[in-house]
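Line by line, the protein sequences give chains P and V.
The first sequence: position 76 = 84 (the numbering used here), numbered continuously.
The second sequence: position 212 = 220 (the numbering used here), numbered continuously.
It should be emphasised that the hints constitute simulated quantities derived from the structure, not laboratory data.
Honestly, I wouldn't trust all of these hints.
Identical chains share a label here; the pair holds if one copy fits it or two copies do between them.
Under the rule of at most 27 Å between Cα atoms (straight-line distance), these lysine-lysine pairs were calculated in the DSS-like manner [to be verified]:
#1 K87 / K232
#2 K119 / K193
#3 K91 / K193
Here are the chains, one letter per residue:
There are 2 protein chains.
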Amino acid sequence: MEQSAASVPAALPYYVAFSQLLGLTVVAVTGAWLGLYRGGIAWESSLQFNVHPLCMVMGMIFLQGDALLVYRVFRKEAKRTTKILHGLLHIFAFIIALVGLVAVFDYHKKKGYADLYSLHSWCGISVFVLYFMQWLVGFSFFLFPGASFSLRSRYRPQHTFFGATIFLLSVGTALLGLKEALLFKLGSKYSTFEPEGVLANVLGLLLICFGVVVLYILAQADWKRPTQAEEQALSMDFKTLTEGDSPSPQ
Amino acid sequence: MEQSAASVPAALPYYVAFSQLLGLTVVAVTGAWLGLYRGGIAWESSLQFNVHPLCMVMGMIFLQGDALLVYRVFRKEAKRTTKILHGLLHIFAFIIALVGLVAVFDYHKKKGYADLYSLHSWCGISVFVLYFMQWLVGFSFFLFPGASFSLRSRYRPQHTFFGATIFLLSVGTALLGLKEALLFKLGSKYSTFEPEGVLANVLGLLLICFGVVVLYILAQADWKRPTQAEEQALSMDFKTLTEGDSPSPQ
Numbered sequence: 009m010e011q012s013a014a015s016v017p018a019a020l021p022y023y024v025a026f027s028q029l030l031g032l033t034v035v036a037v038t039g040a041w042l043g044l045y046r047g048g049i050a051w052e053s054s055l056q057f058n059v060h061p062l063c064m065v066m067g068m069i070f071l072q073g074d075a076l077l078v079y080r081v082f083r084k085e086a087k088r089t090t091k092i093l094h095g096l097l098h099i100f101a102f103i104i105a106l107v108g109l110v111a112v113f114d115y116h117k118k119k120g121y122a123d124l125y126s127l128h129s130w131c132g133i134s135v136f137v138l139y140f141m142q143w144l145v146g147f148s149f150f151l152f153p154g155a156s157f158s159l160r161s162r163y164r165p166q167h168t169f170f171g172a173t174i175f176l177l178s179v180g181t182a183l184l185g186l187k188e189a190l191l192f193k194l195g196s197k198y199s200t201f202e203p204e205g206v207l208a209n210v211l212g213l214l215l216i217c218f219g220v221v222v223l224y225i226l227a228q229a230d231w232k233r234p235t236q237a238e239e240q241a242l243s244m245d246f247k248t249l250t251e252g253d254s255p256s257p258q
Numbered sequence: 009m010e011q012s013a014a015s016v017p018a019a020l021p022y023y024v025a026f027s028q029l030l031g032l033t034v035v036a037v038t039g040a041w042l043g044l045y046r047g048g049i050a051w052e053s054s055l056q057f058n059v060h061p062l063c064m065v066m067g068m069i070f071l072q073g074d075a076l077l078v079y080r081v082f083r084k085e086a087k088r089t090t091k092i093l094h095g096l097l098h099i100f101a102f103i104i105a106l107v108g109l110v111a112v113f114d115y116h117k118k119k120g121y122a123d124l125y126s127l128h129s130w131c132g133i134s135v136f137v138l139y140f141m142q143w144l145v146g147f148s149f150f151l152f153p154g155a156s157f158s159l160r161s162r163y164r165p166q167h168t169f170f171g172a173t174i175f176l177l178s179v180g181t182a183l184l185g186l187k188e189a190l191l192f193k194l195g196s197k198y199s200t201f202e203p204e205g206v207l208a209n210v211l212g213l214l215l216i217c218f219g220v221v222v223l224y225i226l227a228q229a230d231w232k233r234p235t236q237a238e239e240q241a242l243s244m245d246f247k248t249l250t251e252g253d254s255p256s257p258q
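Based on the sequences and whatever the hints tell you, model everything.
Here it is, written out as structure tokens:
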């Protein structure tokens, strides 16, 4: 169905609102878990570890998810403004996640623990490197002025696919980390339905729900941002230039 | 780009072959892990537990993934034949997964262990129920003759989205289970790069790669099965009937 630039699909705002409610709940429940069962957060002492899950959930889950939704929410603003917001949200997410990474490596170093031995850490470091590369490549194609219109058009579907994939991998990595934190502390007490175990399981399900709702919004073809008048004009110019459909000399 | 029914996108067979190579490697590495470090597989004794990961990986990962790819691979066959194959592969996947589920519940019962306390089990049982519901609803819409053409068209995008989501959740649940099995057995030895830990981490990465490659094949818009001549005719008839675009009396 063709949409005018002004129309907003009727159900979209409700789904976006629901995603935000879920995302904020995920951050709040992570904070509650760390506050209630892990002694809270600090840069010194053992509490430094707790900076890691909170920062990763805020950066790699909530802010990354919101950065993906920018093109569904800002439908009438200039394309460039929306792009800059998308890029900025990803930078904030990246910086917050970097603090979370420094926290865990620093904590391991102080405690003399080994680094990068677990599946969670292998996934985490891979996803973080992929996220950084995706940002760099995205920046050079879409914000840096050099790339041609045709190059951008060809790269766009790949950028979208890998963006969504990196987000889903971030959710998966968070679940592995949560499971690791639970099993290291609770051990066999996990099977006695300890309150911490139940809260963390609920947090895991909330993380999955946030991931699925963001993916659902992204997957709806007719919820995509409609092409604006000036972009259509540019696209037509480009088509004329490349397809040799120049005005005939008559 | 419009495709004729006969054409196959050039890169598609290579991606499908790669996905099969990955899928079979995942099953083989699961078998190797259980054989080398867990004493192999049997229905009696403690080895009964090992039936669970092998069946779940074969059913909920490999066969479910392949069932999703059926419409990309069988492009020229009659739609009905392809649908039946899609449904049958899902039935096989479901039965194998059911054996895997019975194995773990039976093992827990014999050992007196608690059921359904972990995030892995909560995710697993939810995904299994969703998978069964998706099959039932899919069957009644697409194979049972009652549903109208318009109802099928409206449900199809939902079926596709939730099919892919359930597959991704299955991969995530397998990762959680793998991590749980590792941490329960290895504990703090996991951090000393024990061979079993490294093999299981590699298995985790292979599971993720299989999930990403299947998702990539499904996400390419121009790799979708082209509409066949007889389906196009049916669709045109339907359009004429519903849009009131009947031949004018002149």
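Here is how each hint holds up against the structure:
{"no.": "1", "hint": "K87 / K232", "result": "within (13 Å within a copy, 29 Å between copies)"}
{"no.": "2", "hint": "K119 / K193", "result": "both (16 Å within a copy, 23 Å between copies)"}
{"no.": "3", "hint": "K91 / K193", "result": "neither (43 Å within a copy, 48 Å between copies)"}
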